[in-house]
Amino acid sequence: MSIIKTENLTKVYKDFWGRPKTRALSELNLEIHKGEIFGLLGPNGSGKTTALKLMLGLIFPTTGKVSVMGKPPRDISLKSKIGFMPEESYLYRFLNASETLCFYGQLLGLKGKELNNRVDRVLNIVGLDRVRTQPLREYSKGMSRRMGLAQVLLKEPELCVLDEPTIGLDPIGAGEIKDIIQQLKKEGTTVLFSTHLLSEAEPLCDRIGILYEGRLITMGALTDLLEVKDEVEVKVREKLEEFYIRTIKNRDTSHFSK
Amino acid sequence: MIQRIFTLSLITIKESINKKVIYLSIFFALIIILVSRIFTSITPGAEIAFMTDIGLVTISFFGGMIALFLASDFIPDEIRKRTIYTVLTYPVRRFEFILGKFLGISGVVLLSHSLMSLIFLAVLSLSGGAIKGDLMIALALIYGTLLIFSSIVIMGSTFLSPLINIVFSLFFYLLGHLVTYIRHLGERMEGAFIKFFLIFFSYIVPDLERFEVKDKLVVGSALPIGITGSCFLYAMVYIVCVMMLTYVAFNEREV
Ligand SMILES: Nc1ncnc2c1ncn2[C@@H]1O[C@H](COP(=O)(O)OP(=O)(O)O)[C@@H](O)[C@H]1O
Ligand SMILES: [Mg+2]
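Here the protein sequences line up with chains B and W, keeping their order. The numbering of the first sequence is my numbering, which starts it at 1 and goes up by one. The numbering of the second sequence is my numbering, which starts it at 1 and goes up by one.
If we strip away everything but chain B, and leave its shape as in the complex, we get (with noise of 0.2 Å):
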């Protein structure tokens, strides 16, 4: 089943005139399926946030469609099943931890001690417990971003979209997001995240996409891609980094499978 599905999903920002500036995403297709981990790879600037906020309703389609659990993205059904968590983490400094998940849980309807245990539970898991309450703007990027993760984790949700989320992390903070996606997928939660770093997918992703200049070159699950038709002789599988920069000099979409 597909949780996520795009049609043609086009995206060209206008300017102040309404005149064509940027044509961040053209004629994206693409399927989520439930349960899995996607990775959204691309070099800056290849259209990845602008995809991720066309399915999330924050910004809408020039032409192409995109639905999310059969429903257009902005139904108000959805929002309590998706959690993102966006490129950086923006959120109100001058609360503190503590007061940051309550005021989201009472935006989801959460009251008293399922507020409260909730709010614990969640601080547990990514580390935050022992600065609740300090003001999110004495936090470090770091803590930032766990605290985005966070946010995301207090839905509980069926769907996680993470946009970029270990950028600008030490190997150790990328390594717990790292861990708290896995877990996630464990737990059954369809994750897609969108990540510039190659190895960041790699141990992660069940299947990738790649975009380039707004336009998905390549897609499909790791393994199959990495097998190189012109060396399957050989069986030597390609270093992914390889792979990458291959793929987008070429622009090659001959592999592509589905």
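Just to be clear, a hint being listed does not mean it is correct.
Stated by the list, open to error - The list that follows gives simulated cross-link-like pairs (lysine-lysine, DSS-like), each with its CA atoms no further than 27 Å apart: (1) B:K113 <-> W:K14; (2) W:K14 <-> B:K141; (3) B:K81 <-> B:K178; (4) W:K14 <-> B:K111; (5) B:K113 <-> B:K141; (6) W:K214 <-> B:K141; (7) B:K81 <-> W:K81; (8) B:K21 <-> B:K249; (9) B:K21 <-> W:K81.
Simulated from the structure, these hints should not be mistaken for laboratory data.
Fit chain W with the ligands to the known structure of chain B by using the hints.
Chain W with the ligands in isolation, oriented as in the chain B frame:
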């Protein structure tokens, strides 16, 4: 829904508490009210009337400043700092978001307005002035104009840049005190188009003259019967219309 709007407005109030413009405004209002007490000697025999006049203008002006500088930045700030991404991926409808902001500014303005009013009433009664019901009505009516003003500022903030919004909102606010004049001007105009435009315009800008009772109060004449009720109704209807327009503008906006 009500719960969410309430939560959103509380966070808005919490955020505003740190804003210096509130404290500066209240501080300056306090100074002016105190100074007016000293200068009552220039109007012998009408000290209380003088203080009432100055006091009400001051309260109204600084209340307006607070509303203008806070409300014009609520939504742009959420978009600039992108805190809106997270809020809108929670089960929050866009009209709930807007209403939360409006109720938030209403709360902040209510708090600061009450504080300035208390200062004013205290200074007035210490100077021997009586605190009459009509004075309380005048203060309540000022709050009404501040709410209308806030709603206009919030509407402008959804599609205008902050500076243009401030100019535009002030323009509306000032013209709101001139509706009768604009309407008369329109009626006397020759061209059908300009006539229609001016009269139409006089109904678009908020009729703030309706709320203007200071002159009557100062000379001690009675306020029109039912003025509180009619102003309350007018403010309600006007704000609901403005909020609906805000929703239309904001709903289609990309963030
Ligand atoms: N709000 C916007 N207005 C205009 N252009 C934009 C906007 N957001 C992104 N872009 C442009 O769209 C392209 C894709 O950006 P983005 O989706 O952020 O890429 P990525 O997340 O892969 O780095 C870039 O060229 C970027 O400059
Ligand atoms: Mg991005």
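Self-check item: Proposed proximity, K81 (chain W) with K21 (chain B) (alpha carbon, max 27 Å)
Solution: holds, 23 Å
Exercise. Assess, step by step, whether the Cα of K81 (chain B) is no farther than 27 Å from the Cα of K81 (chain W), and give holds or violated.
Key: holds, 24 Å
Quiz prompt | Proposed proximity, K141 (chain B) with K214 (chain W) (alpha carbon, max 27 Å) | solution = Distance ~54 Å between K214 (chain W) and K141 (chain B) Cα, so the pair is violated.
Practice problem: Given the hint that K21 (chain B) pairs with K249 (chain B), test it: the Cα-Cα distance must not exceed 27 Å. | Solution: holds, 25 Å
Quiz item: K81 (chain B) and K178 (chain B): Cα distance at most 27 Å?
Solution: With a Cα-Cα distance of about 21 Å, the restraint between K81 (chain B) and K178 (chain B) holds, given a limit of 27 Å.
Quiz prompt | Straight-line alpha-carbon gap K14 (chain W) to K111 (chain B), limit 27 Å | solution = holds, 19 Å
Exercise. With a cut-off of 27 Å on the C-alpha distance, tell me whether K113 (chain B) and K141 (chain B) pass.
Key: At roughly 30 Å apart (the allowed maximum being 27 Å), K141 (chain B) and K113 (chain B) break the hint.
Quiz prompt | 27 Å limit on alpha-carbon distance, applied to hinted pair K113 (chain B) and K14 (chain W) | solution = holds, 23 Å
Quiz item: For the pair supplied as a hint, K14 (chain W) and K141 (chain B), is the alpha-carbon distance within the 27 Å limit?
Solution: holds, 24 Å
In the structure shown, a violation is registered for the earlier hints numbered 5 and 6, in ascending order.
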